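Residue numbers (the working numbering), protein chains in the order written: chain A, 2 to 247; chain B, 2 to 247; chain C, 2 to 247; chain D, 2 to 247.
Think of the hints as simulated: they come from the structure by calculation, not from any bench.
Bear in mind the structure is a predicted one, so any value in this text is a computation, not a measurement.
Keep in mind that the hints are not guaranteed to be accurate.
One copy or any two copies: either way a pair holds, since identical chains are not told apart in the list.
[What the hints assert, rightly or not] Heads up, simulated PhoX-like pairs for lysine-lysine below, C-alpha to C-alpha not over 20 Å straight-line:
hint: 1; residue 1: K184; residue 2: K109
hint: 2; residue 1: K187; residue 2: K135
hint: 3; residue 1: K109; residue 2: K235
hint: 4; residue 1: K109; residue 2: K119
There are 4 protein chains.
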Amino acid sequence: MAEVWRSGITNDGPDSNGGQVRGVQMTELMEKYSFADALLLTVFGDSFSTGQKRVIEAFLSGMVDHGIGTSSARAARLVASTGADHSAALAAGLLAAGGPRHGGAVGKAAAYFEALDKDATSAEEIVARAIETKERIPGFGHAVMKDGDPRATMLQQIAEQEGVSGATLAFATAMEAEFEARKGKKLPLNVDGTFAALLVDFGIPAEKAGVFFLIARTPGLIAHILEEHEREGKLRRLEYDEYSFE
Amino acid sequence: MAEVWRSGITNDGPDSNGGQVRGVQMTELMEKYSFADALLLTVFGDSFSTGQKRVIEAFLSGMVDHGIGTSSARAARLVASTGADHSAALAAGLLAAGGPRHGGAVGKAAAYFEALDKDATSAEEIVARAIETKERIPGFGHAVMKDGDPRATMLQQIAEQEGVSGATLAFATAMEAEFEARKGKKLPLNVDGTFAALLVDFGIPAEKAGVFFLIARTPGLIAHILEEHEREGKLRRLEYDEYSFE
Amino acid sequence: MAEVWRSGITNDGPDSNGGQVRGVQMTELMEKYSFADALLLTVFGDSFSTGQKRVIEAFLSGMVDHGIGTSSARAARLVASTGADHSAALAAGLLAAGGPRHGGAVGKAAAYFEALDKDATSAEEIVARAIETKERIPGFGHAVMKDGDPRATMLQQIAEQEGVSGATLAFATAMEAEFEARKGKKLPLNVDGTFAALLVDFGIPAEKAGVFFLIARTPGLIAHILEEHEREGKLRRLEYDEYSFE
Amino acid sequence: MAEVWRSGITNDGPDSNGGQVRGVQMTELMEKYSFADALLLTVFGDSFSTGQKRVIEAFLSGMVDHGIGTSSARAARLVASTGADHSAALAAGLLAAGGPRHGGAVGKAAAYFEALDKDATSAEEIVARAIETKERIPGFGHAVMKDGDPRATMLQQIAEQEGVSGATLAFATAMEAEFEARKGKKLPLNVDGTFAALLVDFGIPAEKAGVFFLIARTPGLIAHILEEHEREGKLRRLEYDEYSFE
């Protein structure tokens, strides 16, 4: 018995005329599809409206990099500094980017919103309880941008313009308002939380929500790898006064 | 002395208003940049003309997946079948995609064309010698598409339409014609060879040529990982009659 | 403020005379320590008795490989077939080996035994309930070795010889006996379950239990990578009749 | 046609009584083989004498970790800090460890010694030319241990004790002596160079020489991953004053 290797994604068989992805000729993808449209077709089939695609592309474009201070950029650059291949350094960066405390944030927030029974509870109730129990709700707050993340605001604007904002995002922004009302200071819905709420509104299961960040950040990690080679070009090794044995 | 972590890619400092990539606000990236434009800006800065960007985006869209028969898709799916995280399976797939015999093809072809002294030699001379010595020239031929890869043709068409085709691609297609004239059968310039020639024409160093494929294939690998979970969902392990001890 | 890089594992500072691991000179490790002793010292410090170390080394030696049918060996070989570096192929193999359905088995069984309140329940009770609810208990059963895994038996023998078998393994074997008594057929405690029970007896937290398998399997994966290069040496790509588009 | 999955490493078939590695029952590996002997059998079959095995085991034990300042330990810890799985962090560490400027040192030195035609040249000649051309010879010198690496000395002692030191190591130490004679200061044969020379004497091809370091360092990386979780336990992200946008 032979192992089963079957797929409905890409037909690259001898009669596929160069290959089709989800029924679209690859040559047509090349001629007529933006990369964002091509990749959404590949990963999710024909699942999204034009407006939803615009929101997702905005997230992809806005999350393409977040600087050298991130653990993913540094993991990638450390591996690149050893002279390893681009793909090896990229793999290391993505292994960091996938971690629950890093790029896993969208997925965690999506799981939270997905599990929320919006009919049986209210933003007021949830926020009151969270303040009481000091529960940390995923998708809210930012280590640095205490007054709100401009990327979150932009994503909400685009979703509204496109008319694709739904009940989950409405609930999430109601929670944000309630936090401010009760505490007198902001606990802003961040960009991960905003995008997570929108994905739930778009019908994407929370377990798939993390893949957008992995796609978005791949080019940023590659930018860091190329920059490490060009600007540094030697093995990173801490000097004796930069670490301690204790 | 503290280790040097410096970067010119992204400014995400406290006065960056949510962050800037290569001097462009992230919110502007979200609002106005396609993902393809955002990623090219991130990785290469402002290096490309609009026409060149269209060619590169066509390559990205056309290479987004090539089916479950590839070693990268299968490596990713094998790891996914163990129940590992998306990022772990993606990393495994990219480690395969970066291999010299897989996605390394564009880089090898680019290195070949970059090293070619087009003034000191001719397509005729090179092809004559290659036929004599049975040298295998990177970027030519395809295991299956013996009569030519429609994706290569499409990429050439777009490059011509956009007026960004240059001396390297002209040399490469002259080599293709010369092969056919001398052998009476095609040894087509494939999609990797076409793209490699164009990258050399665009001034991209061969050592960076491989990164486009890594970016392009990331979504395809993710599509396979999600499909593996949805359609298979259990550990892949060969049955005793599927492998042999010898 | 500089990032904190501190460690109590290895002192390799300028006055360490070539380096010390957990207080032992590296030259002494070389001269007097077996690799198993050196690695246990490195990972766990001075945590184990001689008898416990013998049990762990038996596990390491017995788990060094489990054939080409495993998903980890195949992921490693697929990556190796692309011509990627040894470390890239090894990383892919380990990403598979770490998956919950593959090498994660020891960790899952250890978590199960760790959580078990052996004073408040009995093997009889647990097995009766598991049979009723058809709950699958980690560490029991084997896809192929229905009558028991000789590796599990050997590990139990060595633990008994060394006098390091404790209450958790006793409980686990009582469960095994109870299963057979009630069902009239074996549901053997497998090698993962046996080792997991012993680790709990040795005081190793379940969250660390998975690392032994990663260490043990690294050489096996490397053996497969070298064999792939020597015996196959070309890109693995499925033929059209080996996969389907559906 | 089914893909070929064949292997001569491990027979785990239904009639293998629990499995055999290179013809040895796994239960026998567990009962009678040290982990070092089991792993050498797995990777290299019956290739080594007892004395050679002792030298290799000394290398494995001595290279098990080299502190938190290495790029591999830090890549692993960065990934661990994101909350990723042990295997993900380990994979990142090994991708660094495999880099040409890091663990690739043994392989480079082995390739150098393998290519050396010891009959047609002499240590004097090579050193004279290297000094003249300022060529950097792999396997010599150390960033910090200018007077010699005690680990190299120990490895040479063990090789001599065991009577397995051969012509390549003799040539390498002659080069070391010649350097000192000509320059008046040491350029010591380091531990990588010593081990590389011995591997060439043992008949191991240079392309396989790098795998010992990957095996040796796996436990050290795991030790760092566990320590990162226990002592740090939160996402590593640089503060604004720890990196710069420039």
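Checked hints:
Proximity of K184 and K109 under a CA criterion of 20 Å is satisfied in neither setting, with 24 Å inside one chain copy and 42 Å between copies. Taking identical chains as interchangeable, the C-alpha atoms of K187 and K135 lie at most 20 Å apart only when both belong to the same chain, with a minimum of 15 Å there against 49 Å between chains. Only between protomers do K109 and K235 lie at most 20 Å apart by alpha-carbon distance; the minimum there is 16 Å, versus 37 Å within a single protomer. In the homo-oligomer, the alpha carbons of K109 and K119 lie at most 20 Å apart inside one protomer (17 Å), although the nearest pairing across protomers, at 34 Å, exceeds that limit.
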